[in-house]
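Here is what each chain is made of, one letter per residue.
2 protein chains.
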Amino acid sequence: MTYTVQIKVMPLKELLDPQGKAVMGGLANLGLNGVDDVRVGKHITLQVNADSPENAKAIADEASKKLLSNAVMEYFEIVVD
Amino acid sequence: MTYTVQIKVMPLKELLDPQGKAVMGGLANLGLNGVDDVRVGKHITLQVNADSPENAKAIADEASKKLLSNAVMEYFEIVVD
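Residue numbers (the working numbering), protein chains in the order written: chain A, 3 to 83; chain B, 3 to 83.
Source of the hints: derived by calculation from the structure; they are not laboratory data.
Quick caveat, the model's predicted, so the values are computed rather than measured.
Some clues are possibly wrong.
If several chains are the same, the list does not tell them apart, and a pair holds so long as it fits within one copy or across any two.
Cross-link-like lysine-lysine pairs, in silico, DSS-like; alpha carbons within 25 angstroms at most [claimed, not checked]:
id, residue 1, residue 2
1, Lys59, Lys23
2, Lys59, Lys44
3, Lys68, Lys23
4, Lys44, Lys68
So that you can see chain A by itself, here it is in the shape it has in the complex (with noise of 0.2 angstroms):
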């Protein structure tokens, strides 16, 4: 059975974003007020291939920690939908 599985990928709480600092950079510029704190990370969408949504979350998992994500700056959190 097919399983679609969601990976998000988001730099590590304890590190500066400048991506997400330039994005409220750009709020601000366009007048919208309300925006505290901005982090920009990765989304992706895979379609798995596996015999029941644990197999899946774990081949999804092993696919964040080898290729997705890198564990030094990043981490990464998993929905089988």
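Chain B: place on chain A using the hints.
Relative to chain A, chain B alone:
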């Protein structure tokens, strides 16, 4: 009150996603099988100061339309935590 708003910005389904195709190639090279399709987009987390979740979502919606996404190539989804 401060609301955490999650915004997912992904390439439109009708369009090719070269970054996703590159990730698929990378996964195959790593020997990770079972992944049929990959789409890569952005994930943005906003801390929004608003008086209701509806207003926080409205601010995120305006930010997404004006700055964070390009309607020609991308769609976005907003979730207020």
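Results for each hint:
1. When the C-alpha separation of Lys59 and Lys23 is checked against a cutoff of 25 angstroms, the pair qualifies only between copies, where the shortest distance is 20 angstroms, while the shortest distance within a copy is 32 angstroms.
2. Taking CA atoms no more than 25 angstroms apart as the test, Lys59 paired with Lys44 passes in both settings, with 18 angstroms inside one copy and 20 angstroms between copies.
3. Taking the shortest Cα distances, Lys68 and Lys23 sit within 25 angstroms of each other only across copies (17 angstroms), while inside one copy they are farther apart (28 angstroms).
4. Taking the shortest Cα distances, Lys44 and Lys68 sit within 25 angstroms of each other both inside one copy (15 angstroms) and across copies (19 angstroms).
The structure agrees with every numbered hint stated previously.
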